[in-house]
Amino acid sequence: MLLMGYLPGKLWGVPMAEGLPVTVTITKVVKESPGVTTVFFDREFESCIGQFVMVWVEGTDEIPMALSYKNAITIQRVGDATTRLVAMKPGEKLGIRGPFGNGFRLHGKILAISGGAGTAPLLRVGLECPDVTFLMGARTADELIFHKMLTEKCDVRVATDDGSAGFHGYVAGLLDEISLDEYDTIVVCGPDPMMRSVLSVLQKRSSLEKSQFSMHRYMKCGVGVCGSCCMDPDGLCVCRDGPIFSGLSLQNSELGKYHRNAAGLKEK
Amino acid sequence: MLLMGYLPGKLWGVPMAEGLPVTVTITKVVKESPGVTTVFFDREFESCIGQFVMVWVEGTDEIPMALSYKNAITIQRVGDATTRLVAMKPGEKLGIRGPFGNGFRLHGKILAISGGAGTAPLLRVGLECPDVTFLMGARTADELIFHKMLTEKCDVRVATDDGSAGFHGYVAGLLDEISLDEYDTIVVCGPDPMMRSVLSVLQKRSSLEKSQFSMHRYMKCGVGVCGSCCMDPDGLCVCRDGPIFSGLSLQNSELGKYHRNAAGLKEK
Amino acid sequence: MITLSPEPVMMGGVSARNHLVLAAGVLGTCASSLSRMLRSGAGAVVTKSIGPEPRFGHPGPCLVVLEDGLMNAMGLPNPSKQFQDELSALSGEPVIVSIFGGNPEQFHEVAGWFADKAQAFELNVSCPHASGFGAQIGTNPDIVKACTEAVKEWKKPAWVKLTPNVTDITSIGKAAEEGGADAIVAINTVRAMRISTGMRRPVLGNKYGGLSGKAIFPIAVRCVYELYEACSIPIIGCGGVSCAEDVIEMMMAGAQGVEIGSAIVRDPDIFSHICKDLYAPDGISPREIVGCAHG
Amino acid sequence: MITLSPEPVMMGGVSARNHLVLAAGVLGTCASSLSRMLRSGAGAVVTKSIGPEPRFGHPGPCLVVLEDGLMNAMGLPNPSKQFQDELSALSGEPVIVSIFGGNPEQFHEVAGWFADKAQAFELNVSCPHASGFGAQIGTNPDIVKACTEAVKEWKKPAWVKLTPNVTDITSIGKAAEEGGADAIVAINTVRAMRISTGMRRPVLGNKYGGLSGKAIFPIAVRCVYELYEACSIPIIGCGGVSCAEDVIEMMMAGAQGVEIGSAIVRDPDIFSHICKDLYAPDGISPREIVGCAHG
Ligand SMILES: Cc1cc2nc3c(=O)[nH]c(=O)nc-3n(C[C@H](O)[C@H](O)[C@H](O)COP(=O)(O)OP(=O)(O)OC[C@H]3O[C@@H](n4cnc5c(N)ncnc54)[C@H](O)[C@@H]3O)c2cc1C
Ligand SMILES: Cc1cc2nc3c(=O)[nH]c(=O)nc-3n(C[C@H](O)[C@H](O)[C@H](O)COP(=O)(O)OP(=O)(O)OC[C@H]3O[C@@H](n4cnc5c(N)ncnc54)[C@H](O)[C@@H]3O)c2cc1C
Ligand SMILES: Cc1cc2nc3c(=O)[nH]c(=O)nc-3n(C[C@H](O)[C@H](O)[C@H](O)COP(=O)(O)O)c2cc1C
Ligand SMILES: Cc1cc2nc3c(=O)[nH]c(=O)nc-3n(C[C@H](O)[C@H](O)[C@H](O)COP(=O)(O)O)c2cc1C
Ligand code: FES
Ligand code: FES
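Chains as they are written, first to last, in the numbering used here: chain A, 1 to 268; chain B, 1001 to 1268; chain C, 2001 to 2295; chain D, 3001 to 3295.
It is possible that some hints are incorrect.
Below, simulated EDC-like cross-link-like pairs (lysine to aspartate or glutamate); rule was C-alpha separation at most 20 Å, straight line [what the hints assert, rightly or not]: (1) D:K3207 / C:D2168; (2) A:K268 / C:D2085; (3) A:K93 / D:E3245; (4) A:K109 / A:D131; (5) A:K93 / D:D3168; (6) A:K109 / A:D184; (7) C:K2207 / D:D3168; (8) B:K1204 / B:D1234; (9) B:K1031 / B:D1080; (10) C:K2081 / A:D184.
For the chain C half of the interface with chain D, some residues (derived, Cβ under 7 Å), not all of them [as the list claims (entries may be wrong)]: (11) L2038; (12) R2039; (13) K2117; (14) T2167; (15) I2195; (16) E2249; (17) A2253; (18) C2292.
Hints were generated in silico from the structure; no laboratory data involved. Just so it is clear, CB atoms sit at the ideal spot from N, CA and C, and this is done for glycine as well.
Work out the full structure, taking the sequences as your base and the hints as a guide.
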């Protein structure tokens, strides 16, 4: 036995890279729809469904992305970083920080409700959980993603704004045909207005307490420090206290009303 | 299960004081001999017999001291810091870093050989080990320390330079009456010349491999960094590779020939 | 460990609920997160630094977590004048508005927007990674003095937050004091960089960033100690504080109170946890220990 | 991880066995400990800083171990001219003699004592806790230049080791370059302090000390990166290096090699362990990565 008063422990002599971005190499790029692309890399990240990573597109920016698979992100092209991402080729490199945030608590019979690219964070729910009904909305049939893959695993129902597939209208409309009492867990991801309208329906039908919403806010640090992703009125950080919030906690929140941009200015 | 990519572990939110001196309060001061005093404090340090601590006498210096007990040091007055130490009163405070260094490997029948204040680092050998013969040298009877206490626990034999107690002569002389083959472990602590002469005797009598010497050198850091305690010819640090060295490894060393002072200058 | 008696705290003209202040730029952009920190036990809060124009900040990565701290280059994102709306929701609370500008006039202008709502101002002349702002002006004693004077025209308490990235921090502290500062906050982050060996590039979008957290605590203690010897206005310690023991250490170095930022990453409830350890009914008076390490 | 091909290494005029150099002041006072470090895999070693007079150093405590580094105020203890005897035992070995003085004349004198034995000199103009020496002169570009010139009169390679405790390290780096330095070593320790809350006093006998080890790695990388942009002589990275990955990171920032000091506290065999991870027969050429993070 050797006792040393000064032993600095595991801190020394190990690489200090823990919190630095992990470099991954892209192995495969799959176009899911005209605007959405999945990028696979050479490393799986142990993660809870619903957690996200910060993706460093060197020279451009670092942006939050759900892990659609343990080794992939699914990107909707909206601006600089996402445009570079969807154009990337196998062999190119990304930096990944995370996974960060909490995750869904999933049990029993699950109802998944997604809008647009919001299907990506819910993909693993459909693929990995045993008893899932998946309500999926998009503007048009072309923009439905993961539809075929999910159909093989679960009961998928579709809504399109233009009626080009499934129900003609918003995904919240699909809820009319669903008996919410049958479900133990309801998970939701999509644009803010879609989530607010789903929230309203669930509230009316007294199903809020079993619902979980995956929120999106502008993120810089991803670890609950910088404050750029904070939501009113509780000052919770989407990156750390979320991104998954119970519907109950969102009732009186800013969801669907406004959010703050990179400068902290409120935007509708 | 929550996986977080960034978890900085035990580092945060805990006091950072680990390697800083621990403050102890003096509880008791015992005069062992005209020049030697034991200072007890309010905290036990888990330690191997033979390890030492760095004792901070605020405003003066920090010096190495063996733990004579788990909660005490026994000080021979030689200069500034030791003079302040022996004058301290219960209620006063010291800073303690450590314990540092290796310790004795003790087994079987043990022969302990001490000179002067060198009895202090060996005290616990005599008190805690079952089968110990203790050879103790001092200049004069007055300067024998822990004599009574050890006599109750083990077979103590004494040598004094002036013949005022026990054998008249150096402690190495006592070895003549000892059958070294009977012992499994031989531990030695005392001034350099005394240790060199014991080493010579053990060498002649082919008992070096079971011997362990507690070395003293000028120490500043105590943790094997600053180099002030290094010994020739192997560049071993007394503070970290020692203070306990096997007799074999000391045969061709500087022991008894020279040592380096605080400036790194060689002194006899 | 030493505990403190819970007494009313007045530091640098601000009446705070305890000695622990939320540092600028940490959960400080909206009223809701600032209130949250107050609810969870912060004695006062400093807002994100607000400047003359809205800024969106540097491209990411903006922050990485190290084993012993954080490194960030946010780039001073802020909503500028519109921050008035957020402040309204915090009226009556111990809120210190952090402000920055490129010159004394800008400092004066920005302070003016909040003069009726802020309890006090903190001048950020120390952010190490925004060109034209922060440390780029905070290394010049004359400018620091002039900026302090400009803000003091609004007759509010003004804290001046210093950068450690200077040869002699006391010269800047003295300049702030001469400019009429009510307190010095030491320190802002230490200029730093990490490189991703996988990407072969600096990890921060801005390349350079500021180191904070545990790694810089010994540097912060040193700066507080130096400033205590050189200046006579109150000092607020900042940098790497993450437990009650650290607060005591900062106070012994000379700080009247501390700001806490990075430690939030490990424990969002850090304020209540430190309060629990730091205060006790039979604790000693803070006056007994502030600066006591100077002997 | 990237590995390097084992090639002969020449940095700043010194032919070293690999890219890893023992930093000044760590196990550097006697020939026997320096040889030990060479035996255990150091590519070259820097001695303890040697000055014009023997010094016994500051009163203790001289060093404390923190969780993420060391803090020391040794006070430049050294045997002065008598160090010649130690050096004799190291002839033919890659030994760089660290020297200090209070002015160019002293630097010249001390260098002269070792001019026939040292492979190179390292000028310590950066120790943050010895009055009249080290950083007290190393913050002045003119003096740094003059000291470098004085040492260069001995026609030996001269490395100049810089302090990070300045507003702009590149101005000092450029001064060294103008003075004829063969390499810049960055960085020495960062000025720091810790206080013992139990004793209510700074823990170091000298009160102020220098922070080293892991805590300062991001500061050291930043300094190397800045110097690489400003200077054209080779840079040796120093500060917090404790594994092969750190070596690669320093090189990408612009370092040709690294010095390692504090990491010894955790692993006395650090050199052989890093070598094992860093070099491989199929490794890439160091030339490919030195400075590559600059894009
Ligand atoms: C937790 C979380 C998970 C996400 N998961 C996905 C996903 O799986 N797939 C996907 O396609 N998108 C996802 N997003 C949205 C994605 O982060 C943005 O679309 C992306 O950041 C846009 O970057 P850009 O440079 O292309 O656009 P920009 O031109 O920079 O901005 C376009 C818009 O994108 C948003 N945005 C930009 N930067 C950020 C940022 N740092 N953080 C948040 N929003 C930003 C803003 O609303 C902005 O107005 C997620 C967002 C969050 C917060
Ligand atoms: C591992 C170890 C264990 C020791 N255990 C004991 C012990 O149990 N009891 C005891 O009385 N003494 C012990 N000593 C010796 C003790 O450290 C010195 O006597 C003490 O440091 C003297 O300090 P000073 O200020 O009184 O003397 P000073 O006036 O400073 O110096 C007097 C002499 O003491 C020695 N000394 C001074 N400072 C140091 C130092 N930092 N490190 C080592 N030697 C120093 C030098 O030989 C010096 O010439 C031990 C030394 C070592 C290395
Ligand atoms: C993410 C982040 C953002 C910051 N933003 C600001 C800022 O806007 N203004 C400012 O003066 N300091 C800012 N700082 C510096 C902190 O207020 C504080 O001085 C520094 O982090 C050291 O304290 P800490 O170790 O407790 O974090 C920021 C620090 C961090 C980590
Ligand atoms: C105990 C100790 C003694 C040191 N002595 C010197 C010295 O004499 N001369 C010098 O230039 N640097 C000295 N340094 C600084 C180191 O050489 C190095 O620059 C610093 O510690 C940073 O590197 P590291 O983090 O690898 O230790 C010393 C450092 C320590 C820890
Ligand atoms: S992104 Fe920084 S707090 Fe959430
Ligand atoms: S006392 Fe510093 S190396 Fe032993």
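Verification of the hints:
1. D:K3207 / C:D2168: Since the Cα atoms of K3207 (chain D) and D2168 (chain C) sit roughly 17 Å apart, the hinted pair holds (cutoff 20 Å).
2. A:K268 / C:D2085: Status holds; Cα separation ~16 Å.
3. A:K93 / D:E3245: holds, 19 Å
4. A:K109 / A:D131: Holds: K109 (chain A) and D131 (chain A) sit about 5 Å apart, inside 20 Å.
5. A:K93 / D:D3168: violated, 34 Å
6. A:K109 / A:D184: Holds, because 5 Å separates the two Cα atoms, which is no more than 20 Å.
7. C:K2207 / D:D3168: With Cα atoms ~17 Å apart, K2207 (chain C) and D3168 (chain D) stay inside 20 Å; holds.
8. B:K1204 / B:D1234: violated, 23 Å
9. B:K1031 / B:D1080: It holds: about 18 Å lies between the C-alpha atoms, which stays within 20 Å.
10. C:K2081 / A:D184: Distance ~47 Å between K2081 (chain C) and D184 (chain A) Cα, so the pair is violated.
11. L2038: violated, 27 Å
12. R2039: Since chain D brings no Cβ nearer than about 29 Å to R2039 (chain C), farther than 7 Å, the hint is violated.
13. K2117: Not OK, violated: K2117 (chain C) not within 7 Å of chain D, min 35 Å.
14. T2167: holds, 5 Å
15. I2195: holds, 5 Å
16. E2249: holds, 5 Å
17. A2253: holds, 6 Å
18. C2292: holds, 5 Å
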